[in-house]
Amino acid sequence: MNELLNLLKQNALESPENLAKMLGTSAEDVKQQITEFEKSGVIRAYQAVVNEEKLDSSLVTTVIEVKVTPESEGGFDRIADRISRFPEVDSVFLMSGGFDLLLFIKGRTMHESFSFVSDKLSIMPGVTSTATHFMMKTYKQNGIVMHTGDDDERLKVSP
Amino acid sequence: MNDSKSLHSKIAKTVRDIPRSGIRDFFEIVSSREGVISLGIGEPDFVTPWHIREAASLALDRGMTSYTSNMGLLSLRRGISQYVAKKTNIQYRPEDEVLVTVGVSEGLDLAIRALVEPGDEVLYHEPSYVSYNPLIQFAYGVPVAIQTKKENGFRLTRQDLEENISDKTKVLLLNYPNNPTGAILSKEDVEDIAAFAIEHDLIVLTDEIYDELTYDQEHFSIISVPGMRERTIYLHGFSKAWAMTGWRMGFTCAPPELTEAMMKIHQYTMLCAPILSQEASLEALKQADTDIAYMKAEYKKRRNYIHASFEEMGIPSIRPEGAFYAFADISKFGMTAKEFALKLLDEENVACVPGTAFGKCGEGFIRCSYATSFDDIKEAMVRIARFIETL
Ligand SMILES: Cc1ncc(COP(=O)(O)O)c(C=O)c1O
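Respectively, the protein sequence lines represent chains E and D.
Each residue of the first sequence is one higher than the one before, counting from 1 in this note's numbering.
Each residue of the second sequence is one higher than the one before, counting from 1 in this note's numbering.
Be careful, since some hints might not be right.
Stated by the list, open to error - Pairwise CB distance ranges (calculated):
| no. | chain 1 | residue 1 | chain 2 | residue 2 | range |
| --- | --- | --- | --- | --- | --- |
| 1 | D | 217 | E | 27 | 24 to 32 Å |
| 2 | D | 118 | E | 155 | 33 to 41 Å |
| 3 | E | 44 | D | 289 | 27 to 35 Å |
None of these hints come from the bench; they were simulated from the model.
Quick caveat, the model's predicted, so the values are computed rather than measured.
Glycine included, every Cβ here is placed at the ideal spot set by N, Cα and C.
Take these sequences, add in the hints, and give me the full structure.
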C-alpha cells in the first residue's frame, strides 16, 4: 500500500511536517496527496480506535451472519445497501462460505440489538435466515492491541 | 591474598590492560535515572516475529532439549547456505563450510583466534563496533585501527589501507553496513578493498550483520568479488534483521580449512549453539523476506525523520545508509562527545552514546539509534533541539 496511507492508518493525527520528514518529501506534497485521497474517496473518514472496556457505559457489539436471496439484478448490492442504512449497523461485509452478509451492530444493550434483528432485519424481504453472536471482549482492533503498558525490557544502552 | 589488590595482580595482563567499555560506564549513569528516552540502544525495538517464537515453543513441546552437531543442525546450515547464495550468488557447502555460532560475537572471536598469532597485525576501521579491538588483543594480536573520516562518508578507502599496512598485517576486518556510523560501501569501494586484500595476501573477516538493513541501495558483499571467497570469513547472524538478539544466533561461511580451524575452538569452548535457538532460526529463514521488509520499512521512515530533524537543527550527520544508527556531528558546540552526551542526559533526559566509545575518531560525534519507537524519536528530537538552543 501507499506509504503515506500506511502512516495515516497508524496515526491519522500525525502532522504533515512529520509525515514529510519520514517520507523524505515536503509538507506541501503530503498535504496535497491527502487532499487527493480525500477527494477521490480513498480516505473515507478519520476515526479514533476506542477501547470500550475503559468506558463506564460501553456499547454491546453483536455480530450477525445473514443469508439472503440475491436479486436477479444487482445481486447482493441492493439488500446490503438497505441494511447499511440503519444507524445501528456499524459494518457490513459480503462473505464467501456458509452465509452471505456479516454485520456488526452496536447497541446500548443486548435487548436493543436483539430488537434490531427481530423487528427490522429478519422481516426484510430477501433475508432468509440470521445467526446472532454477542461479542464478549476485544483484544485487538484495526491493528491496535487494546491493552497498553508493555515495558521496554531492553538494556538502556548497548553497543 | 584476600585483598582486591593482590587479586587484581593475578588477573592475566592482557585482560587487565583492556579498559572497561565506554558503553558500560555510560550505561550505569543512564540506568540510575528515571524517564530517560534512550537513543543508545544497539538492538531492534521489535520483538522476534510471532511465527519464529511459535516454532521455538513447538520445538520445546517436542522435547528438543539436546546438544546438536558441533557445526549446528544440518537443516539450518542448509538453510543458511541457500540464504547466503540468494543474497550474494556465492555457494557454501552446508557440510563443511557453514558453522553455526552463538551470535556474530562468537563468530568474530573464533575467526580472530583461528587466524591471529602473537604479534600479527589486524587492520580494522574506526569508529567501530566495540568488540573488535579487545578480541584482537585477547588473541595476542596487534589491533591497527584505521581512522575513517566524515569527509569520506566513513568509508574505508584504498589510501587508508595503503597507509596502515605493514609486513605484519595478516587480517583485514570489515564492517559495512557500519555500526556506529550507518555508512555503507559502494560496489566500487568493495572491489578496491578486495584488490588490495588479494595484492597483500590478507585474510578478510567481513561482519555483515546489518546487510539486510540498507535503505537506498542494496548491500554488496566482498565475497561476491572474484578471488575473495577463497580468503574471506563471512560473518552474519539473526540478531538485527530478524530482531533475535536474545536468541544468540550467528554463523560463519568460509572455506573448509578455515571453517575447520574455527570449529576446533568452537567445539571445545561452546560445543554447539542452543538447539531451541537453532530451531527458531530455521523458521526465521523460511519467511525472511516478509519479516525483514516490514521492519526495514519502519526503520527507513525513522531514518528519514531523524536525519531530516538533525539537518533542521543545523547538526550535519552523514545520511545514514544502513544499520539503524545516525552519527551526528556535534563538534561545533565546543564540547567533547562525552561532555555533550552527559549534559544532554542531565538537562533533557535523552541518552545517546558518545562517539568516542567506538574509537578516537568518534570524537565530536554522538551515536543515535533509531531502533526506538517513533513517538520516542519524535520526543527526543524535540528535546535535542531545545538543548542545543541553550548551548
Ligand atoms: C557490528 C556488529 N557486529 C556484531 C554484533 C554482535 O551481534 P550478535 O548479537 O550476533 O552477537 C553487533 C551487535 O551490536 C554489531 O553491531
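Verification of the hints:
1. 217(D) to 27(E): 24 to 32 Å: holds, 27 Å
2. 118(D) to 155(E): 33 to 41 Å: holds, 34 Å
3. 44(E) to 289(D): 27 to 35 Å: holds, 32 Å
Of the numbered hints listed earlier, not one is contradicted by the structure.
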